[in-house]
Amino acid sequence: MRSTSALVRIWLGTAAYFVVFSLLGIDRYVAHRSAEDFGIFCQTIASALSGFSNTIEGANHFTVHFSPVLYLLAPLVRLSHSALPLVLVSAACNATVAPALFLIARRRAAEREALAIAALAFIYPPLCGVTFADFHENSLVVPTIVWLIYALDARKFGVALIFAVLALATKEDEAIFVGSIAVAALFYFGTLRERRGALCAVVMLGCSIVVFASFFLIVRPLAGAHESWHPLVMYSPIQPQAQSVAQAIGDRLGYLVLAFLPLLFLPFLSPLLLLAVLPLAEVLVSRAPVTYTMGQHYAAVWIPYVLVAYTLGACRLVQRNAAAARRALTGYLVIALIIFAVANPLHPRYFLRLPQPKDAQLDAFIDTLPRDREIGTQEEAYTHMGFFPHATLGIEQYPDYALFDWQYPDSNWLLRDGPRMRAEQARGRYRLLRSENGIELYERIGRKPANIPRRSPAW
Numbered sequence: 000m001r002s003t004s005a006l007v008r009i010w011l012g013t014a015a016y017f018v019v020f021s022l023l024g025i026d027r028y029v030a031h032r033s034a035e036d037f038g039i040f041c042q043t044i045a046s047a048l049s050g051f052s053n054t055i056e057g058a059n060h061f062t063v064h065f066s067p068v069l070y071l072l073a074p075l076v077r078l079s080h081s082a083l084p085l086v087l088v089s090a091a092c093n094a095t096v097a098p099a100l101f102l103i104a105r106r107r108a109a110e111r112e113a114l115a116i117a118a119l120a121f122i123y124p125p126l127c128g129v130t131f132a133d134f135h136e137n138s139l140v141v142p143t144i145v146w147l148i149y150a151l152d153a154r155k156f157g158v159a160l161i162f163a164v165l166a167l168a169t170k171e172d173e174a175i176f177v178g179s180i181a182v183a184a185l186f187y188f189g190t191l192r193e194r195r196g197a198l199c200a201v202v203m204l205g206c207s208i209v210v211f212a213s214f215f216l217i218v219r220p221l222a223g224a225h226e227s228w229h230p231l232v233m234y235s236p237i238q239p240q241a242q243s244v245a246q247a248i249g250d251r252l253g254y255l256v257l258a259f260l261p262l263l264f265l266p267f268l269s270p271l272l273l274l275a276v277l278p279l280a281e282v283l284v285s286r287a288p289v290t291y292t293m294g295q296h297y298a299a300v301w302i303p304y305v306l307v308a309y310t311l312g313a314c315r316l317v318q319r320n321a322a323a324a325r326r327a328l329t330g331y332l333v334i335a336l337i338i339f340a341v342a343n344p345l346h347p348r349y350f351l352r353l354p355q356p357k358d359a360q361l362d363a364f365i366d367t368l369p370r371d372r373e374i375g376t377q378e379e380a381y382t383h384m385g386f387f388p389h390a391t392l393g394i395e396q397y398p399d400y401a402l403f404d405w406q407y408p409d410s411n412w413l414l415r416d417g418p419r420m421r422a423e424q425a426r427g428r429y430r431l432l433r434s435e436n437g438i439e440l441y442e443r444i445g446r447k448p449a450n451i452p453r454r455s456p457a458w
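Heads up: the sequence shown begins at 0 in numbering that gives the first Met the number 0, then just goes up one per residue.
Worth flagging that the hints you see were computed from the coordinates, not collected in a lab. Among the hints, erroneous ones may be present.
Claimed, not checked - Cut-off 20 Å, straight-line C-alpha distance, at most; resulting in silico cross-link-like pairs (SDA-like, lysine to any residue):
| no. | residue 1 | residue 2 |
| --- | --- | --- |
| 1 | K155 | R105 |
| 2 | K155 | Y187 |
| 3 | K155 | L216 |
| 4 | K155 | R111 |
| 5 | K155 | V202 |
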């Protein structure tokens, strides 16, 4: 009979991880350091029963991504009337990655070694970056895929199908990746002549194909999509390259180093790493540098495969040479800590600080605004306006009101639109309606000009 002490320890670590990242995420939100994604998803989830949309995408979210899983979060957001449940959900879900890895490792190594292998996932920099990043549907991907692979490995095929459905309901590209898992599982179980496993793989593959095809052929048109799929912009050859060729190659290589160096390249000891090829390609082929920048949600698509491959590789090393495995795990710990010191994916100097009076002042000001009117603003305010269905970033669309808080002088949107608002005020298109503690509310005078953009420039 297995001892429960190691399992208890890994779940205690899970609880600690949840508490730490919940507190960090809450601080980031309260200090108004969240970015536009947080506002996008709060606005979308808050409108789950009334359009499932946000002003940045300018349409039903199903025109952009297949994410019915977000409906599961709507009760939490609506009942709390707050975006903070999204922080807690992200922290809670990603905290469960290590226990799943432990269960995978325990099938191949002693509990002590399995605990050491899995516990190091708590400090894997890319995963920490995803957990701390603004909430996104990708925030749910890593634990879903890791638990899916565990369930297949443990022959818990009913559980595997549940996690496969959750993954497919998270984002349309997961249909490709879950389909890849299904093909690999079909080959694996077919080779072993395990009929139940092969049948599970066939069902997963069929579901993946149906979801992928249905999203583009049925869901997007029904949701009102009239344009090409927006994410393709990141891969278009027409899209200008933001970097020189040398810099683009160097940045991508650096990204791969940050992905594999903390793991001491142990994932390469397992053929399961092949499942990471397509997710990594999705990130690295993009012409937008943000996709291959650590600390962004994009890393979530490849992290589960790399972590499971690391777990299998570490177990293989333990079986071959236990002493070498211990040295490798110690090296992992040291390198991870060095990365947090010199290339921290949490970017704490920018995103973390103690809440200040100006934060409460902005929240109080927002609470006085009309919720049924168009309000253009900066990120610091937009991310706290998820229950304002017409709040948006920027003033290109000439909203009814424009809100600026000059107490955040490093705000990108304030620097971008603040001077423009002064110019619009001078032209007589806007007038200053209120001014309190550096917070200014402007009201549009007259009708909107003709031919204004349909979406926020943030899109």
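### Task
Could you grab the alpha-carbon distance between K155 and L216 and see if it respects the 20 Å cut-off?
violated (33 Å)
### Query
Are the Cα positions of K155 and V202 separated by 20 Å at most?
Holds - the C-alpha atoms of V202 and K155 are around 14 Å apart, at most 20 Å.
### Message
With the threshold set at 20 Å, check whether the alpha-carbon distance from K155 to R111 stays at or below it.
### Response
violated (24 Å)
### Task
Given the hint that K155 pairs with Y187, test it: the Cα-Cα distance must not exceed 20 Å.
holds (15 Å)
### Message
K155 and R105 were given as a pair; does the straight-line alpha-carbon distance stay at or below 20 Å?
### Response
Holds. K155 to R105 sits at ~16 Å (cutoff 20 Å).
When the structure is compared with the earlier hints, violations turn up for hints 3 and 4 and for no others.
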